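Participant: Residues per chain, in single letters:
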Amino acid sequence: MSPEFSEQTKKAIAEIVARYPKKEAALLPVLHAAQREFGYISRATEKSVAGLLEISPAKVHEVVTFYTMYNRQPVGRYHVQICSNLSCSLLGAGSLIDHLSEKLGIQPGETTPDQKFTFSLVQCLGACEQAPCMMVNFEYFGNLDTPKIDEILDNLE
Amino acid sequence: MEDKAISHFFKQDGAHTLAFYLNQNGYEQAKKALKELTPEDLLNQVKAANLRGRGGAGFPAGVKWGFVPQGGDKPKYLCVNADEGEPGTFKDRYIMTYAPHRLLEGIIISCFCVGINTAYIYIRGEYENVAQRLETAIDEARAQGFLGKNILDSGFDLEVYVHRGAGAYICGEETALLESLEGKRGNPRLKPPFPASIGLFQCPTVINNVETIANIPLILHHGPEWFCNQGLPKDGGTRLFGVSGPVKKPGVYELPVGASLKDLIFTHAGGMQDGKTLKAVIPGGMSAPILKPDEIDITLDGDSLMEAKSMLGSGAVIVIDEDASMLEVLRIVAEFYSHESCGQCTPCRVGNPWIRKTVKRMAEGKGRRGDIENIRRVANNILGKTLCPLGDAAALPILALTEKFKEELETSLSD
Ligand SMILES: Cc1cc2nc3c(=O)[nH]c(=O)nc-3n(C[C@H](O)[C@H](O)[C@H](O)COP(=O)(O)O)c2cc1C
Ligand code: SF4
Ligand code: FES
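Residue numbers (this note's numbering), protein chains in the order written: chain A, 314 to 470; chain B, 357 to 771.
Read the hints as simulated data drawn from the structure, not as lab findings. None of the values given here were measured: they were computed from a predicted structure. Glycine included, every Cβ here is placed at the ideal spot set by N, Cα and C. It is possible that some hints are incorrect.
Below, simulated DSS-like cross-link-like pairs (lysine-lysine); rule was C-alpha separation at most 27 Å, straight line [as the list claims (entries may be wrong)]:
1) K605(B) - K590(B)
2) K632(B) - K360(B)
3) K540(B) - K461(A)
4) K505(B) - K335(A)
5) K505(B) - K461(A)
6) K540(B) - K360(A)
7) K632(B) - K336(A)
Okay, the calculated bits of chain A under chain B, using three or more residues with CB under 8 Å as the criterion [claimed, not checked]:
8) 381-390
9) 434-440
Not close to chain A: a few residues of chain B, all C-beta gaps over 12 Å, as computed [claimed, not checked]:
10) N381
11) G409
12) P431
13) P443
14) D513
15) G539
16) C559
17) K590
18) E663
19) R725
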C-alpha cells in the first residue's frame, strides 16, 4: 500500500514543485519532505513520489540510493551521527565512537531494540572547529567528550 | 556599510536579521547597482577587483560571468554553491548563519549583472538549520521588496530558492551540483560544454561559492582598487580561513589573500595545544597535498601554494600533531574518497576502494613490503585519468602522504 501524505506535506510539496521549471527537479526536496513525514523512504514511498513528480519509480530509487541522507529503513527517534573524518579524529573521535557503541549497545549502522537510537558514522559535518562533533537529528553538538555525550543522550526523552 | 570585512557580522547577536543588516546600511549596494549602474559597469568592477573563486578552483569570478552569452531567449541561472563538503571546511556556514542578507545582497547584484532572474542556493543537506535561516532571510528580503517582482521599482525580477542536498560530497563539484539540482544522481558532466553556456536545465548558468558572492557588495561599496589592495594585485580581497585540529583556538579567521600560513596557525589560531607539537598541515581542505613543518613558512594564495605542490582550495587548514599516526591520516583520506567516488570512471571507482582496502590491511598490522609502492602506483593511475577533479583530489594527497611520510608508514609493514 502506498503511504498517504498528510495535507500539510502535500501543500509543502506543491510549493516546492513550483520553484523549478521541471517537476523532476523537486525530487531531492520532496524526498526530504517524505522522510520528515514517514521517517524513512520505503519502496512504496518511492512509488508515491514517482507518481507525484511523473517520473519512473526506478529513477527515484536510483536517487534514493545515491545520497546518504535518505534512510531506507526506519531509524530510531534519535539519529546520532558522529563525524569520523580527520579533524574530529585528531581530537579523539575514535574513542568517542567506541564509547557511543558501548553506551547504546549497538554498532554503527544499527538501531537500539527500543527504536530510540540509531547510531551512524558520517563524513565531515562542516563543523570541524568544534571537533569532535556529532549531529542528533538536525541539531549539532561540538567539543564533545565522554561526559558531554552522556549528558546529551541522558537528557533525551 | 561601515564594515570592510566579510566576518564583520560573525558571532554578533541578531546579525542575521534584516533589521540589523539595514542598520549597517545593508542593501545600499544593491540599490546602487539596480538604480545607478549598468550590468556592464558592474562586470567591469568585478573584473577589475580580481576576485577569485573561494570554492576551490580559484577562477576569476568576473571572467566567468563574462563567458555567459547575452541575449538569447533561454532563461539564465545562478547556482550558489553552499555544499561545503570538503573536509576541514566550515566557513560558508558562518556567512550563511551570521550574514545571510549579505549573501542575498551579493546574489541580487550578481544576477542583475549577468541578467539572471532565478537563483538557487544549493546547500548541503546536513545544514538544515542554516537552510531555515536562509529561508527566513529570503522571506524578510522579499517582504521589503528586495526580492520578487520589480525589485525597488527597477523593473528587475529575481527569485531566490534554497535547495538542500542529501549527503554526497561529489555534489559540490559544479556539474554534479547541476545534475543534483535537476533531481538526479550527482554524476559530474563531461566538460565542455561549460555551464556558462549549457548548465542548469540546459540553460546558461553561473556557479559560484557562497564566499565569492558575499564579497560582491564589498567590492561595490569600496571599489575594485580597494579590494585589490586588500589582497594581492592578481588575487584581491581577504579569505576566510578555517583552522581545525589540535590548536588552541580553532575557528574561522579572515585574513588578506597572501597572509602567512605560519601566522595563521601560530598567532591567530593560538598555536598548538599545550603538550602538542606540529607534525604536518593540510592547507586547503582534504584534497590539498600535505605540508611538513618546514614547508609552512608560505603565503596563503593560490600561486604560492601551487609552487609548494599543494593548493589553497577552500582555505581549510587542518593542523596535525606528532601524536597522530600518518597511517591513520592516510586511512581516513582513502576511506573518504573511496566512499565519495560517484563511480562513473573506472580508475576512481576501482582505484580508491583498492587503496582503502590496502591501507586498512596495513592498519591491522598486516602490511606487506611493496604496499606503499603499490598504493602510489594505483594513485598515479587515477591522476589525470578521470572525468572530474575528484580523481586528482584523491590521488594528490595520497601521493604526498606516501612520499613525505614514507618512513613512518613503512614501520607498519611486516617484512
Ligand atoms: C569533488 C569536488 C567538490 C567540490 N566541493 C565544493 C563545495 O563544497 N563548495 C564549493 O563552493 N565548491 C566546491 N567545488 C568547486 C566547484 O566545482 C566550483 O569550482 C566552485 O563552486 C565555483 O565557484 P567559485 O568560482 O566561486 O569558487 C568542488 C569541486 C570538486 C571537484
Ligand atoms: S573522477 Fe570519480 S567522482 Fe569524478 S566522475 Fe569519475 S568516478 Fe565520479
Ligand atoms: S572533520 Fe568532523 S566536522 Fe569536519
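Participant: Hint by hint, say whether it matches the structure.
Facilitator: For each hint, the structure was consulted:
Restraint check for K605(B) and K590(B): not satisfied, since their Cα atoms lie roughly 31 Å apart, outside the 27 Å limit. With a C-alpha separation of about 35 Å, the suggested pairing of K632(B) with K360(B) is violated against the 27 Å cut-off. Restraint check for K540(B) and K461(A): not satisfied, since their Cα atoms lie roughly 39 Å apart, outside the 27 Å limit. Annotation: proposed proximity of K505(B) to K335(A) holds, straight-line Cα distance about 21 Å (limit 27 Å).
Using a Cα cut-off of 27 Å, the hinted pair K505(B) and K461(A) is violated, with the two alpha carbons roughly 49 Å apart. For the suggested pair K540(B) and K360(A), the alpha carbons sit about 16 Å apart, so the restraint of at most 27 Å is met. Our distance criterion of 27 Å between C-alpha atoms is broken by K632(B) and K336(A), whose separation comes to about 54 Å. Counting residues of the stretch 381-390 of chain A whose beta carbon lies closer than 8 Å to any beta carbon of chain B gives 3, which meets the minimum of three for the stated coverage.
Counting residues of the stretch 434-440 of chain A whose C-beta lies closer than 8 Å to any C-beta of chain B gives 6; at least three are required, and the coverage claim holds. For N381(B), the non-interface assignment is confirmed: its Cβ lies about 29 Å from the closest Cβ of chain A, beyond the 12 Å cut-off. Residue placement check: G409(B) keeps its beta carbon more than 12 Å from all beta carbons of chain A (closest about 19 Å). Chain A draws P431(B) into its interface by the beta-carbon criterion, the shortest separation being 8 Å against a cut-off of 12 Å.
Separation of P443(B) from chain A is inadequate, the least Cβ-Cβ distance of about 4 Å not exceeding the 12 Å criterion. Under the 12 Å C-beta cut-off, the non-interface status given to D513(B) relative to chain A holds; the minimum distance is some 15 Å. Not every C-beta of chain A lies more than 12 Å from that of G539(B), the closest at about 3 Å, which undercuts listing it as non-interface. The Cβ of C559(B) sits about 9 Å from the closest Cβ of chain A, inside the 12 Å cut-off, so the non-interface label is violated.
Look at K590(B): its CB is around 30 Å from the nearest CB on chain A, clear of 12 Å, so calling it non-interface holds up. Separation of E663(B) from chain A is adequate, the least Cβ-Cβ distance of about 24 Å exceeding the 12 Å criterion. Non-interface call for R725(B) relative to chain A: holds, since the shortest CB-CB distance, roughly 27 Å, exceeds 12 Å.
In this structure, the hints that do not hold are numbers 1, 2, 3, 5, 7, 12, 13, 15, 16, in rising order.
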